[in-house]
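Protein chains: 2
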Amino acid sequence: MLKKPILFTPGPTPIPPEVSLAEATPMIHHRTPEFSRIIYELKDDLKHLFQTQEGEVYTFSSSGTGAMEACVANLLTKKDKALVILGGKFAERWVELCEAYGVKTATVDVKYGEAVEPAAVEEALKKNKDIKVVFATQCETSTGVLHDIESIAKVVKKYSALLVVDAITGVGVHPLLMDAWGVDVAVTGSQKGCMIPPGLALLAVRPTAWEAIEKADLPRYYWDLRKMRDTLKKDTTPFTPAISLVRALKVAVDMIKKEGLENVWQRHAHMAHATREAVKALGLELYAQRPCNILTAVKAPKGLDVEAFLKRLKNEYGIWFAEGQEEMKGKIFRIAHVGYMNDFDILTAVSAVERGLYEAGYPVEIGKGVATAQKCLLKGEIPKEAKKKPVPAPL
Amino acid sequence: MLKKPILFTPGPTPIPPEVSLAEATPMIHHRTPEFSRIIYELKDDLKHLFQTQEGEVYTFSSSGTGAMEACVANLLTKKDKALVILGGKFAERWVELCEAYGVKTATVDVKYGEAVEPAAVEEALKKNKDIKVVFATQCETSTGVLHDIESIAKVVKKYSALLVVDAITGVGVHPLLMDAWGVDVAVTGSQKGCMIPPGLALLAVRPTAWEAIEKADLPRYYWDLRKMRDTLKKDTTPFTPAISLVRALKVAVDMIKKEGLENVWQRHAHMAHATREAVKALGLELYAQRPCNILTAVKAPKGLDVEAFLKRLKNEYGIWFAEGQEEMKGKIFRIAHVGYMNDFDILTAVSAVERGLYEAGYPVEIGKGVATAQKCLLKGEIPKEAKKKPVPAPL
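Those sequence lines, one after another, are chains E and Y.
Residue numbering for the first sequence follows my numbering, beginning at 51 and increasing consecutively.
Residue numbering for the second sequence follows my numbering, beginning at 51 and increasing consecutively.
Just chain E, same shape as in the assembly (with noise of 0.2 Å):
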């Protein structure tokens, strides 16, 4: 088949065309009221994507983890202790961040492929009632769950912690309303559901996290928020910021916008929905109890070499798709329906799916794969918990 590439990864996702113009047209230097400009405009859009007034959002050039590192540095002393909640790899780093510092954690375990029970967040915090930070994670991309950070924020609201959160794949997917929930802090990254490459990390903070962060004792330098604030008052960035990136990010945000946010997060439920259907249509099961909307994480049925299948639709026909992580390696695939993305994408990866499966040899039913992704996109389903629609905020 001719191959043409397309990334069902949960990022980097697939660039739209707008956006790679965009980071192609002519270099311009940052210290300029042509790049303020962009930063000034970006302040709001940025907000909005993270659903706050009150707080501002600071965009590093790094990955994802870098803000994650930047949240460590900025929030704690040497002395505090934080409660990270598990449940997958990625929940996992917050720890190993912690540790890093030199900062001592508690933990709520949660088996993968399962969603963290709130009662078991405020279990954690009557045991330790020292905690200053609670760390969670909305979409564990690890194994395709969505933790309920509504719920539990409203658990760390009780106690004197802060609720930091790692969205870095629930934004622009999931509704995450930091001021109506009462989330402190949060980031993401932007190759995701901002539909940009890699190379950018943004940190919302609410005022709420703004005595820690004057506390705080970590050693921090490029992650140090204080300087991200004084220079983002004046339109600025610290360092040289990723020029090119933070253009893109500006087209990326105007194409949320213009789709408008409560749409966005509701493709991203019919996509998920289409998809989980197709693959039980297809006898496979999920892996995730509480399936997330930016990847449908698939048990490998029974004799399937997972990393053969992969690499065959990777070289055979231009489809990626992402393996399980360390443990899950060889028993999990996962589909990642994120971004710059549609019904008739859903429709390939289905397509992609039924195809890999046959040709492994695995007994599927062929076509009912994509018959049933097409009746659920078709009809225009979405499951019955992404129906209450939240309201972004006005811009």
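Think of the hints as simulated: they come from the structure by calculation, not from any bench.
One thing to keep in mind: the hints can contain errors.
Which copy is meant is left open, because identical chains are indistinguishable; a pair holds if it fits in one copy or across any two.
[Stated by the list, open to error] Think about it this way: if two alpha-carbon atoms lie no more than 30 Å apart in a straight line, the pair counts; the simulated DSSO-like pairs of lysine-lysine are:
hint: 1; residue 1: 418; residue 2: 53
hint: 2; residue 1: 207; residue 2: 179
hint: 3; residue 1: 418; residue 2: 349
hint: 4; residue 1: 284; residue 2: 330
hint: 5; residue 1: 53; residue 2: 97
hint: 6; residue 1: 177; residue 2: 381
hint: 7; residue 1: 330; residue 2: 418
hint: 8; residue 1: 352; residue 2: 93
hint: 9; residue 1: 54; residue 2: 330
Start from chain E and add chain Y according to the hints.
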């Protein structure tokens, strides 16, 4: 739905990103060794496309119609008579061109949607002993019919006429073996099987046509093939060429060579077959009796407002099909599957047809079209008549 426009139109067709990037590289001047090198390298590539070792291929900065005009202006004298094989809007253009130059024509009349019987061509040639040139069309894009050029050539060879083929949508899609079949002149445009934007026309001339070219007395300047011949020998062009398009063409033909011309032909046969089967599974009828692999012309079901149907697909979903031209307007729609297209694109096209019909209130079994297409695509089905694999000449 998030719109990601896809052109299922019979030119322009989707552009490979590699081609777009080549087009966007910094401009170079054309009276330079750098540009001459491209012209030089393209010579063999283009001869391969037309399957001629004996001939040469000339590149005009024009639409395909320009190259058709060049055929008329270069091959005939005021006293000559031409025979035109009709059957659609593009075949009729040969008559219009002859009339514009004051050249008398006889015609072989063919009903829209049908292919010419080679016997009818023979009959016309017997009746009109003074035919100098026979103008034929390989793929009649307006009706989706494939004419049997090989058989037509066999007939024409028995008479002293030249055979000129409009292969504008044929080259790079259907076998056209100029040397083996004895086609004297053939033309194509750049925005079809060549996968680049419109703006170039290719005109292939076998040595058999040069006597007529030398004797022709119709007015010609831009289209003068003698100028083209003399400059091509020096790896240059008589007038300023469309530099970025020529560079894009080099990249595109390299892609075709890499895939293999036979594989390109087979891919189109495979995609066309799946589209036809899917459309029939939805209860629709094909318009062409002998369908080409460029596009599938579909009879509009009773009561369907074709214009509204196509407009909705375009505006809501970014899917561009073509409507019928003139007399066929409102009666058919055309799904092109030509150029930079693969199996997943066919699923998208079929899904869009299902969707559009369903939303127009036409009784359609949702999922039947995509499932049928998937079955054909996955099993690598190609129609019987396409299995006869003509071997392309070596490069």
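Hint-by-hint comparison with the structure:
no.: 1; hint: 418 / 53; result: both (24 Å within a copy, 25 Å between copies)
no.: 2; hint: 207 / 179; result: within (13 Å within a copy, 96 Å between copies)
no.: 3; hint: 418 / 349; result: both (18 Å within a copy, 27 Å between copies)
no.: 4; hint: 284 / 330; result: neither (52 Å within a copy, 63 Å between copies)
no.: 5; hint: 53 / 97; result: between (39 Å within a copy, 25 Å between copies)
no.: 6; hint: 177 / 381; result: neither (35 Å within a copy, 74 Å between copies)
no.: 7; hint: 330 / 418; result: both (10 Å within a copy, 18 Å between copies)
no.: 8; hint: 352 / 93; result: neither (49 Å within a copy, 54 Å between copies)
no.: 9; hint: 54 / 330; result: both (27 Å within a copy, 27 Å between copies)
Violation of the numbered hints given earlier is confined to hints 4, 6, 8; the remaining hints are satisfied by the structure.
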